[in-house]
Amino acid sequence: MKVILKLFGKDSDLSVLSVITVCTFVVLILILGDKFFSLNNLQSLAYQIPEFGFLALAMMLAMLTGGIDLSIVTNACLSGIIGAYFLTGAVFPLNSPAATSAAIVIAVITILAISIICGTLNGILIAKFSVPPILATLGTMILFSGIGMAITSGKGVVGFPEAFMKFGSGSVLNIPYIFILFVLAVIVMSILLSRTRFGKKIYLFGENFTALRFTGVNTERLIIAVYTIAGFLAGFAGIIIISRVNSARVGYGDTYLLQAILVAVLGGVDPYGGRGRIAGVMLGMCILQILQSAFTLFSFTPYTKRLVWGFILLLVMIINFIIEKRRTSAPKAAIKA
Amino acid sequence: MKVRSLTRMEKYLLAIIAVYSVVVTIANPAFLTFETLLDMVRAASGTLILASGVLVVLISGGIDVSFTAIAIIGGYVSVRLMLSTGINSLLFASAISCLIGLACGLINALIIHCFHLPTLIATLGTSSVFYGVMTTFMGTKGVNASQMPSSMVDFGGCQLFVIPAKSGTTYGLTVFIIPVVIILIVTWFILYRTMLGRGIFALGNSEEAANRAGFNLLNIRLFIYSFMGVVAGIMGIVYVSEVRWVNPIALVGTELSIIASVVIGGAKLSGGEGTIFGTILGVLIIKLLNSTLVFLGLSSSWNDFFIGIILIASVAVTSYQARLKNRRDLIFTE
Numbered sequence: 000m001k002v003i004l005k006l007f008g009k010d011s012d013l014s015v016l017s018v019i020t021v022c023t024f025v026v027l028i029l030i031l032g033d034k035f036f037s038l039n040n041l042q043s044l045a046y047q048i049p050e051f052g053f054l055a056l057a058m059m060l061a062m063l064t065g066g067i068d069l070s071i072v073t074n075a076c077l078s079g080i081i082g083a084y085f086l087t088g089a090v091f092p093l094n095s096p097a098a099t100s101a102a103i104v105i106a107v108i109t110i111l112a113i114s115i116i117c118g119t120l121n122g123i124l125i126a127k128f129s130v131p132p133i134l135a136t137l138g139t140m141i142l143f144s145g146i147g148m149a150i151t152s153g154k155g156v157v158g159f160p161e162a163f164m165k166f167g168s169g170s171v172l173n174i175p176y177i178f179i180l181f182v183l184a185v186i187v188m189s190i191l192l193s194r195t196r197f198g199k200k201i202y203l204f205g206e207n208f209t210a211l212r213f214t215g216v217n218t219e220r221l222i223i224a225v226y227t228i229a230g231f232l233a234g235f236a237g238i239i240i241i242s243r244v245n246s247a248r249v250g251y252g253d254t255y256l257l258q259a260i261l262v263a264v265l266g267g268v269d270p271y272g273g274r275g276r277i278a279g280v281m282l283g284m285c286i287l288q289i290l291q292s293a294f295t296l297f298s299f300t301p302y303t304k305r306l307v308w309g310f311i312l313l314l315v316m317i318i319n320f321i322i323e324k325r326r327t328s329a330p331k332a333a334i335k336a
Numbered sequence: 000m001k002v003r004s005l006t007r008m009e010k011y012l013l014a015i016i017a018v019y020s021v022v023v024t025i026a027n028p029a030f031l032t033f034e035t036l037l038d039m040v041r042a043a044s045g046t047l048i049l050a051s052g053v054l055v056v057l058i059s060g061g062i063d064v065s066f067t068a069i070a071i072i073g074g075y076v077s078v079r080l081m082l083s084t085g086i087n088s089l090l091f092a093s094a095i096s097c098l099i100g101l102a103c104g105l106i107n108a109l110i111i112h113c114f115h116l117p118t119l120i121a122t123l124g125t126s127s128v129f130y131g132v133m134t135t136f137m138g139t140k141g142v143n144a145s146q147m148p149s150s151m152v153d154f155g156g157c158q159l160f161v162i163p164a165k166s167g168t169t170y171g172l173t174v175f176i177i178p179v180v181i182i183l184i185v186t187w188f189i190l191y192r193t194m195l196g197r198g199i200f201a202l203g204n205s206e207e208a209a210n211r212a213g214f215n216l217l218n219i220r221l222f223i224y225s226f227m228g229v230v231a232g233i234m235g236i237v238y239v240s241e242v243r244w245v246n247p248i249a250l251v252g253t254e255l256s257i258i259a260s261v262v263i264g265g266a267k268l269s270g271g272e273g274t275i276f277g278t279i280l281g282v283l284i285i286k287l288l289n290s291t292l293v294f295l296g297l298s299s300s301w302n303d304f305f306i307g308i309i310l311i312a313s314v315a316v317t318s319y320q321a322r323l324k325n326r327r328d329l330i331f332t333e
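Line by line, the protein sequences give chains A and B.
Numbering (numbering that gives the first Met the number 0) for the first sequence: 0 to 336.
Numbering (numbering that gives the first Met the number 0) for the second sequence: 0 to 333.
Since the hints were derived computationally from the structure, they do not count as laboratory data.
This one's a predicted model, so the numbers in the text were calculated from it and none came from an experiment.
A couple of the hints might just be wrong.
DSBU-like mimics (lysine-lysine), calculated; alpha carbons at most 30 Å apart, straight line [claimed, not checked]:
no.	chain 1	residue 1	chain 2	residue 2
1	B	324	A	127
2	A	154	B	286
3	B	10	B	324
Computed far set for chain B versus chain A, every beta-carbon distance over 12 Å [what the hints assert, rightly or not]:
no.	residue
4	17
5	31
6	62
7	65
8	102
9	135
10	152
11	159
12	162
13	200
14	290
15	308
Cβ atoms here follow ideal geometry from the backbone N, Cα and C, with glycine treated the same way.
Okay, chain B solo, but in the shape it has when bound:
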């Protein structure tokens, strides 16, 4: 397999991560340890799962803001079902959560395709409906740690290997890395090695052209949004296993920062562009900022400020390059 060279955006991101890590290490040498790295992997795993779904949606030229609602619905409903039926199996929970995700995703796709609605507004509407249905009919009562099914708690605490830390405690690599890697590989395979992936890129570049080239847009959209839904369902399970209790009003409201990290990673809403590696880097940058601002002596209140600046800078740079190229080719369609 030929390894492609890095895109320009990925090089920028790598440089930013490297420089930033050096700065943080100088400010606080406690940062550069293996433990911090493994902690970051754990913190980023849920976001990475969602980000791979968001990447597919963005490449297709759409935007989906309903996935956090789907994730928390999947997690909450499956935990409540496990408690009421007494089935203490992770597989059962995952199946329920994925089914919910699949159903919600199909609804999104049908609404977007059949009525030609702008994806942002359509998913804004469906996310309110999904979330409203759950909170209205199932309530917003949390499930606390002592009630949580043991299979989930075990899954959340499971580690692939354990290293004793100097302070006497231990740390290790979280088992969440397995679903993350599987989903990333599946996403990569679908996007770059299948006809379906070609169709997703084609749809993102030009809907009209994709249609005339003979792609079945309905099928492609059904896939894109149900993929997003299923991925969100998996993330819901990972999330509740990680925090070990369920607060049904968590997660919702974080969708824009996850979209932001994918966009920072170089996915373009208007051109069928985006890479998996870029997405991973984008998520890493956001997580790095989240967890290391404290090392620099800034409170977590500064998070959004830096995320906003990086996001604006990255979209401005990529859009401006595309604009210059378009002007050279005498294209004035933006």
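Chain A extracted, bound-state conformation:
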């Protein structure tokens, strides 16, 4: 208990967030009762979290540097589409079990490779050409979906082998594979951010990139690495999305962009950079996903959901601002675009 209190004292954002999470939980359990806490519902949560969890991690990484990555969703879509062509047998026929497993391996590698290339493109535009992250990723976002549209003409790529769909729907001890993969990614990311020099540099870059440059850190390489990792994470989201939906098409996951930003901000990531922790983002994700499934039980329309998401996004940012202002009494001086 003492440890928990000490942890809370250290990070007020996190403690506010934990309280909110617990409150949402309690309220929803009171309203929905058993329906909410059933194994079924929890399991469906575990299936839904990973696909946009990876996107939220990617968004968080970009936001920690004071940037933003608008292209993650279309990146996931594009790499998913290109990988999907291997899975449907369009590139080479899947007439034997060996060919099928080879196709799955090649597809996964292709998806991750494409997503890394896309992420690196963002990084190069931002670091080497000094394009503001919003504009660079806006451009690549349109470009990636444009490439996807040009390849598919807007049609879906369908017909994957059974084994690949198992990856999205299978589970061990009632825990989905994709959830285990996601937990692993979270652990790796949190070690990367809190225990390595690379992670330290990311936070410092978000605090003051000019100062970091003059301490002798190669900030350009750092930024390229950050956006490449963001792209890599989006690639995982791409694999999960196409294996869960069992097809690949431009436009999948469009709503995730707003949600990824929402989760990052909800989790205490400062959009101006330099502050934010994995634990916070995980809590934010829990709140969002719990609310999401509650909305489904309440049968809200997608428009009402958007209304609530937008409202929560604004509310959280405003509360964060007020807390921050009370803590430092002096107004925040430096405003970055």
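Chain B: place on chain A using the hints.
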């Protein structure tokens, strides 16, 4: 009045448009007619109206993604009001739509100013809220062509002059050119001939410096975002008059391509730069691509691909030039 020389970006854009038009004409001579030109004017008018608002926001260093939501709310609500009250007047519709735009814009400005939120994230939130409020409380039922108020249909079909085409039909210059030209002139006047315009450029260059120079940032922001809102409201009316029916889920989702066309036109998010002429050229390039890819034998699926490439190329070139200049001056703030 001294006519300024073209900026480098504007020259590039003019060259691209010229070369592209020649290529399309060679591929398909049917392209180079007066009729195509007038069609383009009609297709581009709504976008041009929004683009002038976006230009002002971008020059101030912000980004607003809520304007398409505001436009469709303005158009939809005013049509529904006209139908339920029976007031069949274009002026009434425009007033309602502009008021809605003004209110939404003021909300944007207050949220951005009072809580120091990044403009992209704040407007992303408000656009979801505005749009969600409308769709939740007014529904998403479309208004079809036979129900549309006659004043709007007349406005949409009105043409300044009519020329008979060879095929027996007629074509002409759409009346939408009037609001477009008025808004462009007003935008130009505010940006380049008023203290307010100086303030918008100053805010875009450096918020801190603008504040210390004595500009009232709250007033400037209130103006910028309510201007965007009102302009979006006008565009909402033009849009529903043009398509002659209302689908409340149209428009939303196109905001990024409109921002893209303004950025292609040379507006810079980080330096208080941007010109009206550049914006017009940027919108023209996008519309040209939209309507002429078919002439080259490519399907419309290729739209985004080319828009993306042009956008990336244009931001890369302008940002890289600024970077080289900054490096020469030993500035390392980007």
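Hints, one by one, checked against the model:
1. 324(B) / 127(A): 14 Å, holds
2. 154(A) / 286(B): 24 Å, holds
3. 10(B) / 324(B): Holds, at roughly 20 Å.
4. 17: 23 Å, holds
5. 31: Consistent with the label, residue 31(B) stays out of reach of chain A, its closest Cβ about 26 Å off (over 12 Å).
6. 62: Residue 62(B) not clear of chain A: closest Cβ-Cβ about 6 Å, inside 12 Å.
7. 65: 10 Å, violated
8. 102: Check passes; 16 Å lies beyond 12 Å.
9. 135: 5 Å, violated
10. 152: 28 Å, holds
11. 159: 34 Å, holds
12. 162: Per Cβ check, residue 162(B) is outside 12 Å of chain A; nearest 36 Å; holds.
13. 200: About 14 Å separates residue 200(B) from the closest Cβ of chain A, which puts it past 12 Å; holds.
14. 290: 17 Å, holds
15. 308: Per Cβ check, residue 308(B) is inside 12 Å of chain A; nearest 6 Å; violated.
Of the numbered hints listed earlier, those contradicted by the structure are 6, 7, 9 and 15.
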